[in-house]
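S.K.: Spelled out, the chains give:
2 protein chains.
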Amino acid sequence: MNLLVKGKYVISDKIIKDGAIAIEDNIIMDVGEERKIKRSVGRGYEVYGGEEYLVIPGLINSHTHISMTLLRGYADDYSLQDWLEKWIWPVEAKLRPEDIEAGAILGAVESISMGVTTVCSLYHYYPDRNEASGLLKVGMRGTIGTALFSWDKEKCIYNFRDALHRWHGKNNLIRIAIGPHAPYTVDPDLWIEAKELLDYANNKYADKGDIIMTTHILEDDKEPELVKEKFNVELPEGSVVRYLDKLGVLDNYMLAAHMIHLHRDDIEIVKKRGINIAHNPIANLKLGMGIAPVSRYIDRGINVSLGTDGPASNNTLDIFETMKIAALLQKAIDRDPTTLPAKKVFEMATINGAKALHYDNLGMIRKGYLADIVLIDLKKPHLKPIFDPYSHLVYSVRSLDVDTVIIDGKIVYEKGEFSTISYDDIYKKIDRIINRLMSA
Amino acid sequence: MNLLVKGKYVISDKIIKDGAIAIEDNIIMDVGEERKIKRSVGRGYEVYGGEEYLVIPGLINSHTHISMTLLRGYADDYSLQDWLEKWIWPVEAKLRPEDIEAGAILGAVESISMGVTTVCSLYHYYPDRNEASGLLKVGMRGTIGTALFSWDKEKCIYNFRDALHRWHGKNNLIRIAIGPHAPYTVDPDLWIEAKELLDYANNKYADKGDIIMTTHILEDDKEPELVKEKFNVELPEGSVVRYLDKLGVLDNYMLAAHMIHLHRDDIEIVKKRGINIAHNPIANLKLGMGIAPVSRYIDRGINVSLGTDGPASNNTLDIFETMKIAALLQKAIDRDPTTLPAKKVFEMATINGAKALHYDNLGMIRKGYLADIVLIDLKKPHLKPIFDPYSHLVYSVRSLDVDTVIIDGKIVYEKGEFSTISYDDIYKKIDRIINRLMSA
Numbered sequence: 000m001n002l003l004v005k006g007k008y009v010i011s012d013k014i015i016k017d018g019a020i021a022i023e024d025n026i027i028m029d030v031g032e033e034r035k036i037k038r039s040v041g042r043g044y045e046v047y048g049g050e051e052y053l054v055i056p057g058l059i060n061s062h063t064h065i066s067m068t069l070l071r072g073y074a075d076d077y078s079l080q081d082w083l084e085k086w087i088w089p090v091e092a093k094l095r096p097e098d099i100e101a102g103a104i105l106g107a108v109e110s111i112s113m114g115v116t117t118v119c120s121l122y123h124y125y126p127d128r129n130e131a132s133g134l135l136k137v138g139m140r141g142t143i144g145t146a147l148f149s150w151d152k153e154k155c156i157y158n159f160r161d162a163l164h165r166w167h168g169k170n171n172l173i174r175i176a177i178g179p180h181a182p183y184t185v186d187p188d189l190w191i192e193a194k195e196l197l198d199y200a201n202n203k204y205a206d207k208g209d210i211i212m213t214t215h216i217l218e219d220d221k222e223p224e225l226v227k228e229k230f231n232v233e234l235p236e237g238s239v240v241r242y243l244d245k246l247g248v249l250d251n252y253m254l255a256a257h258m259i260h261l262h263r264d265d266i267e268i269v270k271k272r273g274i275n276i277a278h279n280p281i282a283n284l285k286l287g288m289g290i291a292p293v294s295r296y297i298d299r300g301i302n303v304s305l306g307t308d309g310p311a312s313n314n315t316l317d318i319f320e321t322m323k324i325a326a327l328l329q330k331a332i333d334r335d336p337t338t339l340p341a342k343k344v345f346e347m348a349t350i351n352g353a354k355a356l357h358y359d360n361l362g363m364i365r366k367g368y369l370a371d372i373v374l375i376d377l378k379k380p381h382l383k384p385i386f387d388p389y390s391h392l393v394y395s396v397r398s399l400d401v402d403t404v405i406i407d408g409k410i411v412y413e414k415g416e417f418s419t420i421s422y423d424d425i426y427k428k429i430d431r432i433i434n435r436l437m438s439a
Numbered sequence: 000m001n002l003l004v005k006g007k008y009v010i011s012d013k014i015i016k017d018g019a020i021a022i023e024d025n026i027i028m029d030v031g032e033e034r035k036i037k038r039s040v041g042r043g044y045e046v047y048g049g050e051e052y053l054v055i056p057g058l059i060n061s062h063t064h065i066s067m068t069l070l071r072g073y074a075d076d077y078s079l080q081d082w083l084e085k086w087i088w089p090v091e092a093k094l095r096p097e098d099i100e101a102g103a104i105l106g107a108v109e110s111i112s113m114g115v116t117t118v119c120s121l122y123h124y125y126p127d128r129n130e131a132s133g134l135l136k137v138g139m140r141g142t143i144g145t146a147l148f149s150w151d152k153e154k155c156i157y158n159f160r161d162a163l164h165r166w167h168g169k170n171n172l173i174r175i176a177i178g179p180h181a182p183y184t185v186d187p188d189l190w191i192e193a194k195e196l197l198d199y200a201n202n203k204y205a206d207k208g209d210i211i212m213t214t215h216i217l218e219d220d221k222e223p224e225l226v227k228e229k230f231n232v233e234l235p236e237g238s239v240v241r242y243l244d245k246l247g248v249l250d251n252y253m254l255a256a257h258m259i260h261l262h263r264d265d266i267e268i269v270k271k272r273g274i275n276i277a278h279n280p281i282a283n284l285k286l287g288m289g290i291a292p293v294s295r296y297i298d299r300g301i302n303v304s305l306g307t308d309g310p311a312s313n314n315t316l317d318i319f320e321t322m323k324i325a326a327l328l329q330k331a332i333d334r335d336p337t338t339l340p341a342k343k344v345f346e347m348a349t350i351n352g353a354k355a356l357h358y359d360n361l362g363m364i365r366k367g368y369l370a371d372i373v374l375i376d377l378k379k380p381h382l383k384p385i386f387d388p389y390s391h392l393v394y395s396v397r398s399l400d401v402d403t404v405i406i407d408g409k410i411v412y413e414k415g416e417f418s419t420i421s422y423d424d425i426y427k428k429i430d431r432i433i434n435r436l437m438s439a
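So the sequences go chain by chain: A and B. Numbering of the first sequence is given in numbering that gives the first Met the number 0, commencing with residue 0 and proceeding in unit increments. Numbering of the second sequence is given in numbering that gives the first Met the number 0, commencing with residue 0 and proceeding in unit increments.
Only chain A is shown next, with the shape it has when bound in the complex (with noise of 0.2 Å):
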């Protein structure tokens, strides 16, 4: 089906007034001011949008653990340790396939209601039935990583080729990723394996679209000694990055969350190598993690993007309000309202996203690119008056504001239904797992 979207403003490579965009399968075909589209575009299309909406390309959240939407609010307010210990491993104990299945469904009926359109997720991973499967149900994109941990490596790395095998490429939507846990759960001979493995697939599946390495890296200021301790290793001036850099696993296919409490001279081996970071603020501040320098980061050339985390350290999988909090922080611990300006932000949600995961037709509205397309209703009070169309996306924009989500050329959502699956469908799956999951 080919699509007309028109929008008040369209966000393109600029702010399109009375823009449209022409869309044929997957991909847009044109974008431009609506005279222009209009006379290019023949019979047999179908409009959505007009004057009343902003539209914008789909957003990107860069770093969760999608299925954990299970788990929100299951236990708030605890420290770190006790939250993982006491609250959640004893009951992720007990997830099964159809679980994970169901969570990430949950996730993605909960993203895409928010203007997300790709999500890259981390979480337990079972062959048939997983968050790839969860988000083709829903008709999301993701990028969906495989866990590795020291203490279960054989499991893990057969999970790896097993995703790798079953899921990577097979559709438009869903792309595989190699997920090391963190330097301090996964041994230095597992980094190097997983470098391999990295490099081995990429080169093995090289037309089906590129394998990123997702992972978590300095969240805690306490990880230089977690990993020392760990495994006895040393870390050259007492940096993680640099230990990393030495095993020779940093390059640009490295998607690190956090980066939260990286030393002075980090930042330049990140730049060099070309690691992308996830910022996560919101989890951050909530488990009283800290606060990444990101604007830092951003000024010396690296690549930012966002994500949410998981639901359970969040409570929502809400790019737009994660936008507005980065915007937020950077501009209190620079001490200076001009740090990190709404445009940037909003790149962060979307092109830097879709860099970070190793796309180089997503994130934009722009000739060429996937048709994931989100339109914004302005006709609410707190969208009124508007002058700065970035300024609102950042700052005023709800995400329940979202009119309609087109993913891969496909509307998903429109007007609070979705095209793909029934809310009572999956309320009622949730309700049973719940019960399940807490019973004795």
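Hints are computed from structural coordinates only; laboratory data are not their basis. In this text, all values refer to a predicted model and were calculated from it rather than measured experimentally. Certain hints may be false.
Copies of the same chain are indistinguishable here, so a pair counts whether it falls within one copy or spans any two.
[As the list claims (entries may be wrong)] Cut-off 20 Å, straight-line C-alpha distance, at most; resulting in silico cross-link-like pairs (PhoX-like, lysine-lysine):
#1 K414 <-> K378
#2 K35 <-> K13
#3 K5 <-> K37
#4 K271 <-> K152
#5 K342 <-> K271
#6 K428 <-> K378
#7 K7 <-> K427
#8 K270 <-> K427
#9 K427 <-> K378
#10 K378 <-> K16
#11 K152 <-> K229
#12 K35 <-> K7
#13 K245 <-> K229
#14 K136 <-> K427
Place chain B on chain A using the hints.
M.R.: Frame of chain A; chain B shown alone:
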């Protein structure tokens, strides 16, 4: 009209599961388990809510300049001085009474659609058409401060007296407050005069509800220097708080916005005098002013409520968002996820606000209290599953999940529509005003 409001959870002194509230006129007659309440109410009760609703007291925005909706997003990411001098003030100079009223109507509509039922606002005052008249047209509760500045002393005092006579306690919804702007814009004599006026007014209007003093204190860490320079005064131990205390203006009638940069010993004075603090975390971040350490204030037993500040420096009137950011920030600066748990933050947005505004029958769902009640629709993907309603209220509920709003016993807002006002009328008016303000 009598109302029976039902909820899966009703937030009263405690959480009532399968609860109900009986409302007669503007008063909560009873609250408890539905099966008990139902027995005590007769016919003629209109029923709202049901098993898919979370029912809470209306939220209280205890510091804003509500008519500044007109300048939402007009000038973002500038330094405070540029923002005021080059952008905000030149436009404000063109504002007419009907603009102030229209801005307040837009702000009230926005606020109510996000579950805020009471606002404390301070802005320009005109006799007939002003923030009070705007709120009344929508049906919102408000404490309206009239601003005092040294540079226009007589006019300001006249305005306060006029507002008091014309608006205070003339209906169920509106109270007037006196608003000395800040220590660096109000000279010592005017502070003393303001306090005398306040005492006089509270005496004269003793049966009409308390009149409070609303002001800004220590938003900027340069404030002590500014005060000294401007008015050639001594600050005992360099403290603005001690200076004001020496003037005799500090007591429980004071609601001080911001209070970011208190000296160590100031906290004891604030506690001793019973000053109320309105915490505005979003505007404080956005303007690069800093983060008020409110968990310390609360631990000391000081009453801290929440505000959005003006929508031009936020850029919304969203108290749900403010709750979440307030909770997150304290966890970050204390480096402790157990700081400021959800229930305490919810109190900041409700009962603490009521205390700050000197209402003794507002901010809780309790027998004999004013019926300002908000129904939240729980049938949303981001609200599944639900373990703890307080956690949901602070971390997961989006402001636009608000389904129905009751103010002073009246259904003002239901499923996106107002009973009192038409969106089209107000949007058209706002468009006209903006066109005029922005023309040369």
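S.K.: At most 20 Å between alpha carbons: which applies to K7 and K427, within, between, both or neither?
M.R.: Between copies only: 17 Å across, 39 Å inside.
S.K.: Between the shortest in-copy and the shortest cross-copy C-alpha distance, which are at most 20 Å for K342 and K271: within, between, both, or neither?
M.R.: neither (25 Å within a copy, 46 Å between copies)
S.K.: Go through the copies and call it for K378 and K16: within, between, both or neither, with a Cα cutoff of 20 Å.
M.R.: within (17 Å within a copy, 36 Å between copies)
S.K.: Could you figure out if K428 and K378 sit no more than 20 Å apart (CA to CA) within one copy, between two copies, both or neither?
M.R.: between (35 Å within a copy, 14 Å between copies)
S.K.: Checking K427 and K378: alpha-carbon separation at most 20 Å within a copy, between copies, both or neither?
M.R.: between (33 Å within a copy, 11 Å between copies)
S.K.: Is it within, between, both or neither when you check K35 against K7 at 20 Å Cα-Cα?
M.R.: within (15 Å within a copy, 53 Å between copies)
S.K.: Can you give me the call for K414 and K378, within, between, both or neither, at a CA distance of at most 20 Å?
M.R.: Intra 13 Å, inter 15 Å, cutoff 20 Å: intra and inter.
S.K.: Have a look at K271 and K152 and pick one of within, between, both or neither, based on CA distance no larger than 20 Å.
M.R.: neither (30 Å within a copy, 60 Å between copies)
S.K.: Give the relationship of K5 and K37 under a CA distance limit of 20 Å: within one copy only, between copies only, both, or neither.
M.R.: Answer is within; shortest intra-copy Cα gap is 10 Å, inter-copy 51 Å.
S.K.: At most 20 Å between CA atoms: does that hold for K35 and K13 within a copy, between copies, both, or neither?
M.R.: Intra 16 Å, inter 60 Å, cutoff 20 Å: intra-copy only.
S.K.: How would you label the pair K245, K229 (within, between, both, or neither) given a Cα cut-off of 20 Å?
M.R.: Within one copy only: 18 Å inside a chain, 59 Å across chains, cut-off 20 Å.
S.K.: Given identical chains, is K136 near K427, meaning Cα to Cα at most 20 Å, within a copy, between copies, both, or neither?
M.R.: Within one copy only: 16 Å inside a chain, 43 Å across chains, cut-off 20 Å.
Hint check: violations occur at hints 4, 5 and 8; the rest are consistent with the structure.
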